[in-house]
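K.L.:
This is what each chain is made of:
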Amino acid sequence: MRVNFTVNGRKQEADDVWEGESLLYVLRERMGLPGSKNACEQGECGSCTVRLDGVPVCSCLVAAGQVEGREVVTVEGLADFAKNRSCGGHEGGACGTSLQEAQGWSAKGTDSQTGEGGISPHATLAPIQQAFIDAGAVQCGFCTPGLLVASDELLERNPNPSDADIREALSGNLCRCTGYEKIMDAVRLAAARQSEPEGV
Amino acid sequence: MADTRTTGIPSKVTQGSQTKGGIGESTLRPDGILKVTGEFAYSSDMWHEDMLWGQILRSTVAHAEIVSIDTSEALATSGVYAVLTYEDLPTEVKNYGLEIQDTPVLAHGKVRHHGEPVALVAADHPETARRAAAKIKVEYKELPVITDEASATAPDAVLVHENRDDHHSGHVPHPNIVHRQPIIRGDVAKARERADVIVEGEYTFGMQDQAFLGPESGLAVPSEDGGVDLYVATQWLHSDLKQIAPVLGLPEDKVRMTLSGVGGAFGGREDLSMQIHACLLALRTGKPVKIVYNRFESFFGHVHRHPAKLYYEHGATKDGKLTHMKCKIVLDGGAYASASPAVVGNASSLSVGPYVIDDVDIEAIALYSNNPPCGAMRGFGAVQACFAYEAQMDKLADKLGMDRVEFRRLNAMEQGTIMPTGQPVDSPAPVAELLRRIKAMPLPPERQWESSEGADVRQLPGGLSNTTHGEGVVRGVGYAVGIKNVGFSEGFDDYSTAKVRMEVIAGEPVATVHTAMAEVGQGGVTVHAQIARTELGVHQVTIHPADTQVGSAGSTSASRQTYVTGGAVKNACELVREKVLEIGRRKMGTYHPAWATAELLLEGGKVVTDGGEVLADIVDVLEDEVVELEEEWRHRPTEAFDLTTGQGNGHVQYSFAAHRAVVEVDTELGLVKVIELACAQDVGKALNPLSVIGQIQGGTTQGLGVAVMEEIIVDPKTAKVRNPSFTDYLIPTILDTPTIPVDVLELADQHAPYGLRGIGEAPTLSSTPAVLAAIRNATGLELNKTPVRPEHLTGS
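As you go down the protein sequences, you meet chains H and W in turn.
Heads up, the first sequence is in the numbering used here, so the first residue is 1 and it goes up one at a time.
Heads up, the second sequence is in the numbering used here, so the first residue is 1001 and it goes up one at a time.
Any given hint might turn out to be false.
Here are some, though not all, of the chain W residues that point toward chain H, as calculated from beta-carbon distances under 7 Å [as the list claims (entries may be wrong)]:
1) Phe1212
2) Gly1521
3) Thr1701
4) Thr1737
5) Ile1740
6) Val1744
It should be emphasised that the hints constitute simulated quantities derived from the structure, not laboratory data.
Built from N, CA and C at the ideal position, the CB exists for glycine as well.
Throw the hints in and build the complete structure from the sequences for me.
P.N.:
Here it is, written out as structure tokens:
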């Protein structure tokens, strides 16, 4: 079977897809997008969470054939997705790096507190991605992609979530390393930064 | 609180105090960006052109003779490149194991547990490999199963391993006992006479799974020289290498291992999983072979935490002083030894807990059985014991009519206390202080779920299942404290190796740190960069990928890596610093008298005196010279425990944490909601405070899981695993996990680098008994088993 769909804003075509193949398999093994993770492959852990036409789903539970003609966003596309959203959902040129942003970035230099180029906010990360790094929400990181997609979706529909809202929204995503406290911190941090007025 | 640290240059500069991003700061992970963008290459993400997929056929029964294996149909399947069984192993070395090489690479004549590897398939598609494996016909003749102490040591018991000749076989009372460690100190009979109260208890600890999220996986690539390159997620590259190479019949330098991204470990990657299998298939087919377990297979593919039965007797005088303790701890090691001997050593030597008891009679054993093999998991041996002795402490305090925390504080060990092994505790042991702190923390408000709009069910027991709106819900509070050893004990040569390089790149001094340390998520790579900045006064640090091209770092387990490999990095950096200063003296010694007279430091990319005077830029000192060296580093040696008395200075360092749990229990439905799980821990020195807190919260949550939900259930009649999936084996979700306030104490251990204390495991110990104590406090029930299930609370 041939499946045509959009991944991270790009048209994709997968040939010879086997009937039992999951969207997760297609993303990881055919599209070269291994960011969505394969921790349980039965919809319990949320590590493979992607957006399917905007809705967060476990891609291991979606048959590849079901995504025909639909739009998928994975962790690899999260930064662009968030950026497009923040400038009103327009795709294309309107959302490039502004001159001011670019100058602000280069002025920070290349000091490397993390060993590879950035305590300063990384230019190409979504706010939720930066918040996960800053809050210490990443340890082994295997649950991180799924949690990022789920958290980003939460903040999109609920910019100011209560702790109970965060826990409810992320209850389908298992993490074995952190005890979730730093993940709570990261989502709160992203929400707080998001509610700061522009330019502060 | 105001920051009272001085700013500017103090009169006396110490190495590292002027360089940003060094130890003590919460610098961010060097792999953080890759991990949040999905670009970090975990072992299951490896890909190679022309690669095949490997699949393992596992036994469907726990204990059986293998009558026959027919691989013909699998081999004839289109897309299959190889099918291997025991007969295909290339050398006389057909077993592996951490301490005892009792684990067959592929079953030979017999299987000893459910899910044992029997045959291997390589095919061009994972589904083809799976289907081909299913076509292999194995005929089993089932044998009786050994499932507990009684069946293991019965006079007519079937032996799990015949003809044992390992180094423990001579001293064990029965061939189905892997190892036995008694510890005798003082005179229990005499001390017992002084006791005004005696408390006995029998406790059962369930089998826990590490449940790391990244499945066992890796890629083996055959090389032109007849060797193999293996990319894999593991906890200890060099230990793997030592076990893999002989089975393949290759010298160790022809098995080149590189650590790929590790999705958590918690002990479950200390033993081999797919490493040898992938190499065998790659060498046989001449093609790269990838193996990725799914979750079902992962439950069979690694060892678990030993389930245990613990029998305890404690006595105390009426003024609250412990008189004596007797215990027997029976750990079920399952079919193969794995880390069982070390688990026995920990369980016995730490069975008293962090208390002063001079008269003890202790025995710990690990069984061979046909249950799933058990081995390393965070806090091993100490976790099981802590669950039991903390329940005993509550019972004693209650019987004496004393406050449970004050009773513990009255008996708490401290620096100078002699352990039951005779080993003096020669660094801070702030047990009473941790208990004081945890008790002093403010309690969370009652009925937090109540609001003007009614009850928020998400915060109630049963949660979104909407089982209660507060009816039948009672609160309980419980306390516990534990002690864990840090590092490999009992005389093991527990060294690490670091290679550090310093050079000028693009006009800046850059340090490169190369170790074989397995970064499994704990943040060792962050800390290594911090240590290099502190010791070498540079900003730019590159962490080289971990591989076997550098000496062993030992295991990422036993809370040891920051201590031991951190110590090795510190040591290597100090030696590199000396070399850089030697170069400076040689080149520039005549420019300034301080080169010869002052203590010199590297700070902020410069050579400075301890008075803060700048002598030179490191860039000008080094020019195009490169300083590089590789050095092994060792902590203080330890001794084996005497096999009859258990005496010996067996441990490197001790680590302490205390918890307070607050729970709410729906007594009608038997549902538990943990409201808060506070922890106080002494960490010696927090090299990276953010990571320290992350470790404590993560460990705490794994202890919570054991308390209320986690258990691998093994059928007692067939020894088969009943719940190998995340649908049936539950780990805490974000809804099950409460807030975890952490109070970090930093009392330096003068024997350890920077005074640090290994921290990863201690919080996993006391978390479980604190939750149990809180549930007992809420319900008045005895509850001597983990996990607590609804039926234990409702009595039906």
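K.L.:
So, for every hint listed, does it hold in this structure?
P.N.:
Now for the hints, and whether the structure bears them out:
At about 6 Å, the closest approach between the beta carbon of W:Phe1212 and any beta carbon in chain H falls short of 7 Å, and the interface hint on this residue holds. Annotation: W:Gly1521 was flagged as interfacial toward chain H, and the flag holds, the nearest CB pair being 3 Å apart, inside 7 Å. Restraint check, W:Thr1701 versus chain H: the minimum CB separation of about 4 Å is within 7 Å; hint holds. Hint on W:Thr1737 holds. Least Cβ distance to chain H is approximately 5 Å, under the 7 Å limit.
Because the smallest distance between the Cβ of W:Ile1740 and any Cβ of chain H comes to about 5 Å, under 7 Å, the interface hint for this residue holds. Interface restraint check for W:Val1744: the shortest CB-CB distance to chain H comes to about 14 Å, outside 7 Å, so the restraint is violated.
Checked against the numbered hints above, the structure breaks only hint 6 and satisfies the rest.
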